[in-house]
Amino acid sequence: MAIDGVEEKMMKEEVFDSTTASFLLKELKQSFASGKTRSYEWRVSQLKSILKFVNDHEQDVVDALRSDLSKPEFESVIYEVSMLKNSCKGALKKLKHWMVPEKAKTSMTTFPSSAEIVSEPLGVVLIISAWNYPFLLSLDPVVGAIAAGNAVVLKPSEIAPATSSLLAKLLSEYMDRSCIRVVEGAVAETSALLEQKWDKICYTGNGKVGRIVMQAAAKHLTPVLLELGGKSPVVVDSAVNLQVAVRRIIAGKWCCNNGQACISPDYIITTKDFAPKLVDTLKEELEKFYGKNPLQSKDLSRIVNLNHFARLSKLLDDEKVSGKIVLGGERNETELRIAPTLLLDVPRDSLIMSEEIFGPLLPIITVDKVEDSFDIISSGPKPLAAYLFTSNEKLKKQFVTTVSAGGVVVNDTTIHLAVDSLPFGGVGESGIGSYHGKFSFDAFSHKKAVVYRSFLGDAAIRYPPYTLGKLRLLKALMGGSIVRIIRALFGWS
Amino acid sequence: MEIILGEVRESFKSGKTRSLEWRKKQLTALINLIQDNEQKLSKALFHDLGKHPAEAYRDEIGVVLKSADYTLSNVEKWVAPKKCPISLVFFPAKGELQPEPLGVILIFSCWNFPISLALDPLIGAISAGNAVVLKPSDQAPACSSVLANLIPLYMDSKAIQVIEGGPQICEKILLHKWDKIFFTGSAQIGRIVMTAAAKHLTPVTLELGGKCPTILDSLSTTSDLKVAVKRIAGAKWGPCSGQACIAVDYLLVEANFAPTVIEMLKKTIKRFYGEKPIESKSLARIVNQRHFERLTGFLKDPLVAASIIHGGSFDEDNLMIEPTMLLDPPLDAAIMNEEIFGPFLPIITLNKIEESIEFIKSRPKPLTIYAFTKDEKFKRRILSETSSGTVMFNDVLIQFLCDTLPFGGVDQSGFGRYHGKYSFDTFSHEKAIMQGSFLIEIEPRYPPWTDFKMKFIRLAYRLNYFGILLLLLGLKK
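The listed protein sequences correspond, in order, to chains W and G.
Residues in the first sequence are numbered consecutively from -19, following this note's numbering.
Residues in the second sequence are numbered consecutively from 9, following this note's numbering.
Among the clues, some could well be false.
As the list claims (entries may be wrong) - Pairs of lysine-lysine residues, derived as BS3-like cross-links and limited to a Cα-Cα distance of at most 25 Å, are as follows:
no.	chain 1	residue 1	chain 2	residue 2
1	W	Lys69	G	Lys463
2	W	Lys377	G	Lys387
3	G	Lys369	W	Lys374
4	G	Lys180	G	Lys33
5	G	Lys308	G	Lys274
6	W	Lys418	W	Lys69
7	G	Lys382	W	Lys74
8	W	Lys16	G	Lys369
9	G	Lys24	G	Lys102
10	G	Lys48	W	Lys427
11	W	Lys376	G	Lys102
12	W	Lys85	W	Lys74
13	W	Lys376	G	Lys24
14	W	Lys65	G	Lys308
15	W	Lys427	G	Lys21
16	W	Lys377	W	Lys349
17	W	Lys76	W	Lys377
18	G	Lys85	G	Lys102
19	G	Lys284	W	Lys376
20	G	Lys369	W	Lys376
21	W	Lys83	G	Lys385
22	G	Lys90	W	Lys349
23	W	Lys85	G	Lys461
24	G	Lys21	W	Lys76
25	W	Lys374	G	Lys24
26	W	Lys28	W	Lys69
27	W	Lys374	G	Lys387
28	G	Lys24	W	Lys418
29	G	Lys90	W	Lys73
30	W	Lys374	G	Lys21
31	G	Lys382	W	Lys83
32	G	Lys461	W	Lys278
33	W	Lys83	G	Lys91
34	W	Lys6	W	Lys177
35	W	Lys28	G	Lys369
36	G	Lys91	W	Lys74
37	G	Lys102	W	Lys83
38	G	Lys382	W	Lys377
39	G	Lys461	W	Lys76
40	W	Lys76	G	Lys33
Rather than coming from a laboratory, the hints here were simulated on the basis of the structure.
A quick note: this is a predicted structure, and the numbers were derived from the prediction, not measured.
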């Protein structure tokens, strides 16, 4: 009855304000307090429901993504549907194992005792997702939150409306509605949600909104998981298999939603001597992939909306770079399409080099020595990912140790996202916290330390009245030295 | 301040703090600092809080020494990259996790354990290879100045700095961009810190407090009960006279059992602190006039005052408050809704001890729950039905001493955790690293997309290697 209450209210008033939000949260809190989300069975049943609706409605998902982003079916299936299914299956397979309390060693100081670390759900979590991978980025955190035994409210991005409404429909049909809900909407609805006291907020998006989310969270001391972006560099050394390197760069850039992905290569750094060869190979391979007229290619996503189209156009029209285009640059405003575009030797103070590009433009910066790239990367905010192509072992080692980024991939791009034994998350400006696989479970769990003691082994020295003898014994005990303990006990020190 | 911060940031940028040698050298220097200056530290603690040297050693000096020793002997192991298994699809790629320092850390410590709450996080930050600015609490001025004087003498003052000061200084410090802020203190200030951190997307660890309940089941044997009562008294008045985030805040017992417990607690107080506890050298004093007034303010409520069954006397000149017990004060009174942080022990009686679970659940999540019981079923219920930073069965406080356990709160008692390896992790970024080679190219990764490529990828995701083989041989439709 209560559930219908909120729905009715939402239908009638057609606004989701702070009152509705608090009403919704209250309901979910009650469901959580009942303890049902904690059981292994409930978690498994919900994860299976996700798998089920993904299997039942794969075509609908592909259609929604095509409508929102003209995303090629192939990309939708591999990067969104399959990735999610994998994440779900992985969680199902390992959940029992994840839930087992972790034994912890205890020391002599606290003998006799045993200790463990218990993973417990945080409560009701809010997940705010992004428009570029609107399906995966909505549900992947949901998988983690459910696996950890939380109740969830999901706010999909209004910028991908078809996916947002599909998610709202599917989740209410397949999932336990007393604990898992979708709220659709834009700024007003999000603000109403952010006013509430959640037990964790997971936000995927940009740093500007990330700051707003964290400030709202601070009012209630709510921990946050922020998955942001950044300018992820690709360093290309001359000691490479150039064709393979180039294809992998293309796979990470244009095959990932036409560059509208947080881990897409943002710019390339290479040496002056090597740049012409690199550009030629990029041109060749791009033509093989997308033909002579990429604006017509069915294998490229479009730009999400006019705002972003205008933003990207502005980057290209900046007079500092407009003469630097060596490939592409074609645009079709009515169809929101931009061709893969390469810019060579852009100045570092240009617009395109000062913000995350998030689109099909790829500037190339040239340096004298490949090692100079480290300083360029370190001088900017820490990116979400950093890529290096080289066969030079020394360079690899240097890169991996000196470049700070959420993740580092050598000789490939973006594939670390698909490896669930690696945590996925940023550092500095590229975000706070990480998820994927077990890391998702941990991100939505509280690790409760539990100590079991018996009534034995009570040492008088712990208690007042304090004396100097007690002080001596205490020093010996905490130092853990047997000899000193004996000496103190016998009063020899 | 700008000059200090610039210097610290430069030190981090130079890369010197990353080397294992630097980390070990600083940790050793810290150990030397403590060993050489134990008297000074002890005196400062006595000056600020009236802590007896034994208490000072047990709760502060010893804790830091132990933590530094443990870190020093383990840090080499912690900095090593961890291998991660990667599925065959990505063969021959390798995956690993490499911890890297975050950068420049800001540590705000608290006045109740002004030495250990300053130096324990510092140990973690150093072990992870960060540069650090420490802002000790100005409410423990002697300890603050001892730290400010000693740290530059022993440690690398270009990379580790102490800034002293009050609220104005804090405000100024918070305007700057830090790579991590570690804060120990109250929820109210915690909110301010996190709001400031949000402007720069700085991650925070908040070590706050809360009302830590203690459940005392009706123990069947007298000897067990004696131990339990002693431990409860030890955890109420022992750590800084109850001014500790993990001190017992209130006690839950069954009504018919309460008289026995109260009698035993009275005896224990007498044994610990003598006939005149206010004059006892073993009892710490209240930190300052403001907190003294806050605490005595609790008792201004006449219903609360009427519930006092033991103690209740003060010495305002010396800021001493006697260990005080209250039986069933009104649950809506301030003393039952704010963290007490002082030597008052409300005893709440219940019909059945199991009701304690509901009692605790209906309140904000505490930093710790203590429970004295031998009933295994009850233990399990407490574990699964309540939520708190930590749970400790049949003892008190020692969760703070286990280097292998994470220490930290949940909900209003904070988030993030530290101690031992968890401190190292708190001040590190775990960088995911994947190394591929140019050897094997999987054609279906690339456009133009075809049905064949689609099938291939589907099989690859399911790790169906046999299916892939069939597909490649043209045997699969």
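Which hints from the list above does the structure break, by number from lowest to highest? 2, 3, 4, 7, 9, 10, 14, 15, 17, 19, 20, 22, 23, 24, 27, 28, 35, 37, 38, 39 and 40
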